[in-house]
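Construct the complete structure from the given sequences, taking the supplied hints into account.
In order, the protein sequences belong to chains A and B.
Our numbering applies: residue 561 is where the first sequence begins, and numbers increase by one.
Our numbering applies: residue 1270 is where the second sequence begins, and numbers increase by one.
Hints were generated in silico from the structure; no laboratory data involved.
Nothing false has been slipped in among the hints.
Here are the simulated EDC-like pairs of lysine to aspartate or glutamate, each with C-alpha atoms no more than 16 angstroms apart in a straight line: (1) B:K1331 to A:E871; (2) B:K1648 to A:D860; (3) A:K967 to B:E1479; (4) A:K869 to B:D1364; (5) B:K1648 to A:D854; (6) A:K958 to B:E1479; (7) B:K1633 to A:D927; (8) B:K1433 to B:D1523; (9) A:K967 to B:E1483; (10) A:K958 to B:E1483; (11) B:K1519 to B:D1470; (12) A:K967 to B:E1560; (13) A:K958 to B:D1470.
According to the in silico footprint, chain B covers these stretches of chain A (three or more CB under 8 angstroms from chain B): (14) 730 to 736; (15) 886 to 899.
By construction, the Cβ of each residue, glycine as well, lies at the ideal position given by its N, Cα and C atoms.
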Amino acid sequence: MKRSKAPAESPGSLPKAGVSRRAMLTALGAGGLGVAAGALGQSAVSGAEAKPAPVNDVVEFYGEHQAGIATPAQDRMHMAAFDLTTQDRAEVIALLQDWTAAIEHMVRGADVGEFGATGGSYDAPPEDTGEALDLSASHLTVTIGFGRSFFATQHGPRFGLAGRMPESLIELPHFPGDALEESHSGGDLVVQACADDPQVAVHAVRNLARIGFGKARVRWSQIGFGRTSSTSTAQITPRNLFGFKDGTANLKAEEQAALEKHVWVSGLDGGQAWMNGGSYLVARRIRMHIETWDRSPLGDQENIFGRTKREGAPLSGGTEFTEPDFAMAGRSGPMMPVDSHVALAHPSANNGVQMLRRGFNYTDGSDGLGRLDAGLFFIAFVVDPRTHYVPMQNAMAKNDALSEYLKHTGSGLFAVPPGIKLGEYLGQGLFA
Amino acid sequence: MKLARPLQFTAALSVAALSVTGCTTNEPAASGNGTISVTSTSDACTLSTATAPGGTVKFEVKNEGTQVTEFYLLAEDGLRIVGEVENIGPGLSRDLVVMAPEGKYITACKPGMVGDGIRADFALSAAPAGQSVSADRAELQKQAVTLYSAYVKDQTEQLLAGTKEFAQAFTDGDDAKARELYPAVRMHWERIEPVAESFGDLDPILDAREADLEPGQKWTGWHRAEKDLWPPATGYTAMTPAERKVLAEKMVADTVELQARVLELSFTPDKLANGAKELLDEVATGKVTGEEEIWSHTDLWDFQANVDGARIAYEDLKPLLGDSDAELDASLDAKFAALQKLLDTHKKGDGFTYYNELSEAQIKELSTAVDALAEPLSKLTAAVVK
Chain A
561 MKRSKAPAES PGSLPKAGVS RRAMLTALGA GGLGVAAGAL GQSAVSGAEA
611 KPAPVNDVVE FYGEHQAGIA TPAQDRMHMA AFDLTTQDRA EVIALLQDWT
661 AAIEHMVRGA DVGEFGATGG SYDAPPEDTG EALDLSASHL TVTIGFGRSF
711 FATQHGPRFG LAGRMPESLI ELPHFPGDAL EESHSGGDLV VQACADDPQV
761 AVHAVRNLAR IGFGKARVRW SQIGFGRTSS TSTAQITPRN LFGFKDGTAN
811 LKAEEQAALE KHVWVSGLDG GQAWMNGGSY LVARRIRMHI ETWDRSPLGD
861 QENIFGRTKR EGAPLSGGTE FTEPDFAMAG RSGPMMPVDS HVALAHPSAN
911 NGVQMLRRGF NYTDGSDGLG RLDAGLFFIA FVVDPRTHYV PMQNAMAKND
961 ALSEYLKHTG SGLFAVPPGI KLGEYLGQGL FA
Chain B
1270 MKLARPLQFT AALSVAALSV TGCTTNEPAA SGNGTISVTS TSDACTLSTA
1320 TAPGGTVKFE VKNEGTQVTE FYLLAEDGLR IVGEVENIGP GLSRDLVVMA
1370 PEGKYITACK PGMVGDGIRA DFALSAAPAG QSVSADRAEL QKQAVTLYSA
1420 YVKDQTEQLL AGTKEFAQAF TDGDDAKARE LYPAVRMHWE RIEPVAESFG
1470 DLDPILDARE ADLEPGQKWT GWHRAEKDLW PPATGYTAMT PAERKVLAEK
1520 MVADTVELQA RVLELSFTPD KLANGAKELL DEVATGKVTG EEEIWSHTDL
1570 WDFQANVDGA RIAYEDLKPL LGDSDAELDA SLDAKFAALQ KLLDTHKKGD
1620 GFTYYNELSE AQIKELSTAV DALAEPLSKL TAAVVK
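Here's what the structure looks like:
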């Protein structure tokens, strides 16, 4: 991406001319008319900015797949689940259209709405809430998905969607040790907003929630402050709150063939064909008993993960990206303990299936006992949760040495529709 | 019950007579911080020094070979293990910290974990002031293990006797008696919980909570009986006498099996100390939150029993806490006493206040006392294995 002083009119410009935060700066700097640079993957940054904003921090919105899945994992997340309060199909479509327009603005650093945060009537509340003014696009991605309850209630199909619910969108079973809380589970719709800047992510969810008033209300929302997965080989593997590198063996954006096989839905026809190019989002709020973990010996910690703490090398030797050798014998059993996290999560123990993990560390204050309510907000994208999540989670809940330090308190499964082209809205295929 | 995490109470390593083979290149000095670096390859075991001051001695063992290796510090006879570190994968490093007095020793790397290893003579000089080491430390460790083994055996016997009595009352439909026995008998289980949990198959059969189950899994053991004795007000179908009989008989049979297996166990000091820490973890995550006994609310009985078990392990290990760990010892003494004093305020007759009768402030107070003890207790293992 090159720095552009005079942004060109772009074919990707929106029907509604959003006011780009950066374009505004450009206008001031160049003394000319600022036009939002909506070109895909492009951002316009004025050379006259006092503090140069990072360039090229816009993630492509349009495409075969929604952004925020195989695109590089950002460091901050705000996810929210919504329940629809309307029973009207047209209103749901209108909501998705409005959300799509707002998302398209926000991901390129523009304000929501025609007049944005400050350009409208002095007597009306601003269209955009404004806290992201002066901030760059920050690689914001907003990804949406549909829960089971979107399609049907116990009384039957909703919104004329009979026969449209994908078979893979199951009711997740009770896993051993689950302690799910209603206030952190389920939802008709999910919105995953990820960005480099937490305020940009929160701004996105807040504005979508505002647009939803009268049609959808927030069921739960979760902030994640640090990514726990790398989704690109260019990223270093981050650490979870246990202090370990997790997700070393995660699927990466560069592994196209593996993504096709394990993440992207394809080959569906009839009422479910709208999911082709989509994926399934599994969200699990996993509270960690970090206090007891912190008291466990380093040797135990490493055996529980199956990796060394500092380097992240498998206990069978080598360095971080050395393949674990599950057959290598140690003094009393394999070098990679059979109940270690790596041994249980490895594709070789799961019929070769892989997940694209995109989780975040979280803390939500403390509980009544003076302990941090902290853990992992687990997010995974899979081609089919029945084969790519349920069996693995069952095995891990039963056998994973780590489970002793974990408590699943929230859960959600959502069908994530494919990406869209200019002029379409997210989830359009479902209503076609 | 905790989710399957088998603690390995394995037999102490028996070492066959080993003869001196191989030799090492001895470089003149230990590294600056007193750590002795050891490099193990397929055909060499290189120490940064062949002599060091006694007291607390730290080896940093790096495996530069292609096989799994081990490092041993052996007594002069080449037989008795003073300290060992196992399972060092290729390319990885591991530390060994031992507390050893002045004397002659033998070091050994064992690439491939077979044979006598690559051995060399090693010597420790007098320990620095304040680090006096009892020459019979191995004997003290043995005593601790013997004492604790006897305790575990005794608790298991009492658990079996109590389970039989409970099973009878439960089968007979004598609910009042069964309810009275339930928390009291379970205390024997809770005192040795990490040991019982080391049997990954018996633990879920005897102690699974309803939430621990997966769909289709048969629910047996104590908590199944608990729910029938303290049933929920609605939506629950009581067990028939025949069902009760089957459950009770299985509980007795499984406990007989537990007792037989416990007799086969041998312990090591680190397992005692880790077990004590884990008992406090159990309190912190299961009892102080009221999640263990959701129907009977007899969590404080379990709480007391977990603390009992941890205290016994600590007291058995206490002689190993020498001068250098006097501060830890004093801290543990004080924190155990403080927690017990607090628990005593909730005693009621032979038992305790029910968990659901505790105020939020009281629960928080208990939790704080548990955390205060658990922190120094987590340092016990490293202190006793030296």
